[in-house]
Amino acid sequence: MTGQGGSAPQTGRYSAVSMSLLTSLLARPLDPGYEAAARRRAAEGPTRRSLASTIALVLIAVLLGALTVRAAVTLRAPQPAVIQARAVLEAEVTERSREIAEAQDRIAELDAEVQALQTTALEVSDPELLARLARDDLVAGAVALTGPGVRITVADAPGAQDGDAERRVHDSDLRVVVNGLWAAGAEAVSVNGIRVSTRTAVRSAGQAVLVDLVPLSGPYVIEAIGDPDRLPTRFAGTAARDHLALLRGVYDIPWSIDPVASLTLPAAAAPTLERATVLTKEDR
Amino acid sequence: MIALLGLALGIVAGLLFEPTVPVGLQPYLPIAVIAALDALFGGLRARLDGIFDDKVFVVSFLSNVVLAALIVFLGDQLGVGSQLSTAVVVVLGIRIFSNAAAIRRHLFKA
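Same order as they appear, the protein sequences are chains G and S. Under my numbering, think of the first position of the first sequence as 24, with each following residue one higher. Under my numbering, think of the first position of the second sequence as -7, with each following residue one higher.
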C-alpha cells in the first residue's frame, strides 16, 4: 500500500492506468519499497543507521506487534453485546434462584408454624387424628426425614459436554433408579436434595433434567432412606440395577452406590390442596 | 531483523498485558489485522528474496494498518464502508496470496 517509488513493470500492452494497477498488483505483490531500499544499498554501500532511528524503529515495531495481537484477540472474543446479554440473563437467573430459595425458606418456616399449631390444637382434642396426620405426612413426604439408607451417585459420561446426548444422564435413567429404590422398599427418596413425593415428576426440558420442576445438573445424587440391611440387597435385584449396569457398559456413565448411616432428606414441596372433605367417624 | 524482534516482543507484551482496544476503533480492527498480515507476508518474502529492510518493513506495516483503517473510516463516513472494506480485503487478499505463493516457491522450490 505504500511507496509507489518502485518502478512498475512496463508491459506496454495495457495503457489504462487501472489496468496497470491491477497488473502490478498481480505481478509484483511485494512492496516496491524493499527493492528500492536494496537498490539504494547497492548504490551507496552499507550504511550505519543512527541509534535514534534504530530505537524509534524498534519502538514502533513493538507497538505494532502489540496492537496487532490485541486487535486479533479482540476480534476473536465473543461480541460484547452477546456477552452483555448473557451477563444480564445470568444475573437474572441468579437473582430469581435466590428469590426462590428465600421463598422456600419462608414456606418451610410457615409449614413448621402450621405444624406446631396443629399439634398443640389436636394434642388435647383429637390425638387419634394427630397420629393419623403424622403418618400421612410421613408417607406423603411432607416432613423431613432422617435415617440410614443408600446414596447413589450418577454422573454424565466423560465427553458428554461435547454435545453427545447419548452420554448424558437422562431423566428416564433417574426415573428408573428412583422407581427401583421405591420398589426396593425405600421410605423416602431425594434427588440432588429435592425430595421425591408421589406428586414429583422427574422429567427433562431440553438438556436439563427437572425434578419437581427444578432444573438439575450432574452429578446426580439420589438418596434413599430405608432398612440399611435390606434396601441395598433388594435394590440389587431390581431392573434399575440392570439399567445402571447397562449405562456403564454401553455409555460409560459412571455411578456408585454406597450405604450411608444417616441421611437427612428435606420435606417435599407443600402439595396444593385440590380436594377436601369433612372427615366422618367412619373415615378414621 | 531487529524490527522483527521488536514485533515479536510487542506480540508477547500484547498477550501478557491485555490492554483493551478502545471501542471507537473496533470497526477498523479486522481490516487493520488483514493489513498487518499483508505487511508480515511481504516482509517474509523480502527476507527470502534477500532484500529485507527493517525500515521498509516497519514503515510499510504502520502505513498499511493506518491506511487500511483510514480507508474504511472514510468509507464509513461516505456510507460505503462495507464496500470499501471489501475492496481493501480483496486487494490485500490478492497480495497476501501471491506473496504466500512466492514464499512457498522459495521454501519448496516448487
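The set of hints was computed from the structure by calculation and includes no laboratory data. Treat the hints with care, as some may be off.
Said to hold, decoys possible - One-sided and incomplete, this derived list gives chain G residues near chain S with beta-carbon spacing under 7 Å: (1) GLY56; (2) VAL85; (3) ALA95; (4) LEU98.
Said to hold, decoys possible - To spell it out: a stretch of chain S is covered by chain G in this simulated footprint if at least three of its residues, at any positions, have a beta carbon under 8 Å from a beta carbon of chain G; those stretches are: (5) -7 to 1; (6) 18 to 25; (7) 51 to 59.
Cβ atoms here follow ideal geometry from the backbone N, Cα and C, with glycine treated the same way.
Minimum beta-carbon distance criterion (7 Å), GLY56(G) to chain S: Given a least distance of 4 Å, the restraint on GLY56(G) holds.
Residue hint ALA95(G), partner chain S, criterion CB-CB below 7 Å: Since chain S brings a Cβ to about 5 Å from ALA95(G), closer than 7 Å, the hint holds.
When the least beta-carbon distance from VAL85(G) to chain S is tested against 7 Å, hint result: Constraint on VAL85(G) satisfied, holds at 4 Å.
Coverage of the segment 51 to 59 of chain S by chain G, judged on three or more residues with CB within 8 Å: Our answer is that it holds, as 8 residues pass the Cβ test (under 8 Å) against chain G, meeting three.
Interface hint compliance - LEU98(G) to chain S, C-beta minimum distance less than 7 Å: 5 Å, holds
Annotated coverage of the segment 18 to 25 of chain S by chain G, confirmed only when three residues or more have a Cβ within 8 Å: Since 5 is at least three, the answer is holds.
Three-residue Cβ test at 8 Å for the coverage of the segment -7 to 1 of chain S by chain G: Holds, because 8 residues of the segment -7 to 1 of chain S bring their Cβ atoms closer than 8 Å to Cβ atoms of chain G.
Checked against the numbered hints above, the structure breaks none of them.
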